[in-house]
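Engineer: Sequence:
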Amino acid sequence: MASQNVVGRFFDVQGGQVYAHVREGDGPVLVFLHYWGGSRRTWIPVLQRLGPGQGFVVYDQRGWGDSANLPGPYGLEQLADDAQRVIDALGCSRYVLVGHSMGGKTAQVLAARKPEGLTGVVLVAPAPPAPIGVTRQVQETVSHAYNDEEAVLQSIDLVLTHRGLTPELRRQVVEDSMRGCEQARLAWPRHGLIQDVSSGVGAIEVPVLVLAGSHDKVEPPAVLTDHLLPLIPAASLSVLEDSGHLSPLEVPDQVAVHIRAFVAQL
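The opening residue of the sequence shown carries number 728 in the numbering used here; numbering runs sequentially from there.
Source of the hints: derived by calculation from the structure; they are not laboratory data. Worth double-checking, as some hints may not be accurate.
[As the list claims (entries may be wrong)] Now the in silico label distances, taken between C-beta atoms and shown as ranges:
(1) Q864 / G818: 42 to 50 Å
(2) D980 / G752: 19 to 27 Å
(3) D884 / D980: 19 to 27 Å
(4) D815 / P934: 16 to 24 Å
(5) G780 / D980: 12 to 20 Å
(6) E843 / H871: 37 to 45 Å
(7) E843 / Q992: 19 to 27 Å
Small disclaimer: the values here were computed from a predicted structure and weren't measured. Virtual Cβ for every residue (Gly too), placed ideally from N, Cα, C.
Put together the whole structure using the sequences plus the hints.
Structural biologist: So, in structure tokens, the structure goes:
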């Protein structure tokens, strides 16, 4: 990442280390959690549009990117534990979780624990706390979404995006999707996607901003309005115009503007 003052470092977690990029800065630290199939690179277009003084940590979750060799389990509880370890190692006194899709459900699990220092949560196209309309057939289809390059490209075009991606970003998504270890790739469709964490999210007391893509086929705004907002007392929803599910790559300007405004209000 060409950003100034960004340092690469490893964080100890159970069974090994996750790789991260860290920038020290002002205000609450933003802790970025990527989607199933992504990596820390998914957030680069958003990070480049944040204020130069904004502190953040963005890391490859267990089983993905430069953390692909970490052993399992790869479930939501473990991913939330990993995030907490990163936060603790950084010594964040105040921080905001920013989770996309699977990362959004992970953020819900962690926020429900009421960790010390958490001041807010931004959920970008998050998976809802309880599965909505996920049949065995859907699970099976999703589990094959990243089988090979052709499958990933088909997923990008038919499911994940609305306006498409640049050739460079298409290549990045293919690389990230196929780089994940097989167990991590299967853990989400077979377990995380259908795990019901709704009983815990009512305990989230900090402000929560939900960002939904107007044309998101995975988590449409109506689904999040009906099945996430009523469960989290302090949640509000904003719609990202002209975007599908991969909004950090499709409309990073909008995502960054919302994050900056949200942080400024805290």
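Engineer: So, for every hint listed, does it hold in this structure?
Structural biologist: Results for each hint:
no.: 1; hint: Q864 / G818: 42 to 50 Å; verdict: 46 Å, holds
no.: 2; hint: D980 / G752: 19 to 27 Å; verdict: 20 Å, holds
no.: 3; hint: D884 / D980: 19 to 27 Å; verdict: 22 Å, holds
no.: 4; hint: D815 / P934: 16 to 24 Å; verdict: 22 Å, holds
no.: 5; hint: G780 / D980: 12 to 20 Å; verdict: 19 Å, holds
no.: 6; hint: E843 / H871: 37 to 45 Å; verdict: 41 Å, holds
no.: 7; hint: E843 / Q992: 19 to 27 Å; verdict: 21 Å, holds
In summary, this structure violates none of the numbered hints.
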